[in-house]
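Participant: Sequence:
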Amino acid sequence: MEKKTIAVLFGGCSSEYSISLKSGHAVLSNIDKEKYNVIPIGITKDGRWFRYDGQLDKITEDTWHEDKNHCIPAYIVPDTAIHGMVELRKDGTAFTRLDGAFPVLHGKNGEDGTVQGLIEMAGIPVMGCGTLSSALCMDKYRAHVIAEEAGIAVPKAVGLKGDLSEEVLHKSVSSLTYPLFVKPVNAGSSYGISVVETADKLKEAYDLALEYDDEIIIEEKINGFEVGCSIIGDGNGREIVGRVDEIELFHGCFFDYTMKYTGVDSKIHSPGRLDPETEERVRDAGRVLFAALGCKGFARIDMFLTPEKEIVFNEINTIPGFTSVSRFPKMMAGVGLEYKDVIDKIIEYCLQEDKA
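Here the numbering used here is used: the first residue of the sequence shown is 29, the next is one more, and so on.
Simulated from the structure, these hints should not be mistaken for laboratory data.
Model, not experiment: these values are computed from the prediction.
Glycine included, each C-beta is placed from N, C-alpha and C at the ideal position.
Check each hint, because a few of them may be wrong.
Each pair of labels, with its calculated beta carbon distance range [as the list claims (entries may be wrong)]:
id, residue 1, residue 2, range
1, 107, 266, 49 to 55 angstroms
2, 380, 352, 20 to 26 angstroms
3, 177, 264, 29 to 35 angstroms
4, 74, 125, 27 to 33 angstroms
5, 106, 229, 19 to 25 angstroms
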């Protein structure tokens, strides 16, 4: 069988650039090169694109783009006749047909549907969620609207936009009960998120969130703990659902950036400490949300579980952290998939879905 050519995109013009380097390195280090021709495409923090054929360790060190001997300007082009990428080599222009593109880009300009739109315009199958579902899942406010329509509970919240006076801000949240979470609508990795215990801290938290997006969601705190559900699917009902994990916080009520990437003051139980019936209910809710938001390829669905065992939607990560020790692969390990098998299944499901 002819080997498929898959481009793996890493880095990206995003505040989550450094996290993407780690995830991209892990994918590139573990993807089956006997099965696929793999083309690494790195995107610098300031938005320059290169085909990179140097040492993979330089990716995590963030020195890959300094290696001029192994960086060639290269771009996916929205021309279905090319169906791939163009490289601007010293000896001329070269075109490469791609059978698929695997964006391992977290946050804006990578997880929000923008690069997915470019890939789809080129006629190339995306290894992951498409343009619409990526944009919807990245948008915390609109994702909540759809989740509620699908029958899944969501936190009570308001959506706001732009710079607001303190008076208008307080009036806007008058129907909510403190403590409140103030979040940028389109951001990830807990950037710009604050927990506000009292009204006098609201404006400061709102202004911080505005540094990451001009739309803000303010929602009531849910009593309980966070659980996650990971799914690989073809978008047509054929799915692999991982074991549910659980986040235990030792202090506070917010799984912030430091906790996520250092493990300080928190512990992730994978699988979570749930009884079988509750775990299956969480997995079922994950399936409903995966379908309702039009996901395919893979996604991690984050939910809260209250003391009364009510499931409340938090958010969907269409490109979650993807190192071998990240939550998504760990949940899949719980159902017998090794890390390399997770990558292979995502590619297999997306290529089959496109072919269908």
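Participant: It remains to establish, for every hint, whether it holds in the given structure.
Facilitator: Results for each hint:
no.: 1; hint: 107 - 266: 49 to 55 angstroms; result: violated (31 angstroms)
no.: 2; hint: 380 - 352: 20 to 26 angstroms; result: holds (25 angstroms)
no.: 3; hint: 177 - 264: 29 to 35 angstroms; result: violated (21 angstroms)
no.: 4; hint: 74 - 125: 27 to 33 angstroms; result: holds (28 angstroms)
no.: 5; hint: 106 - 229: 19 to 25 angstroms; result: violated (45 angstroms)
Figure legend: structure checked against the earlier numbered hints; hints not met, in rising order: 1, 3, 5.
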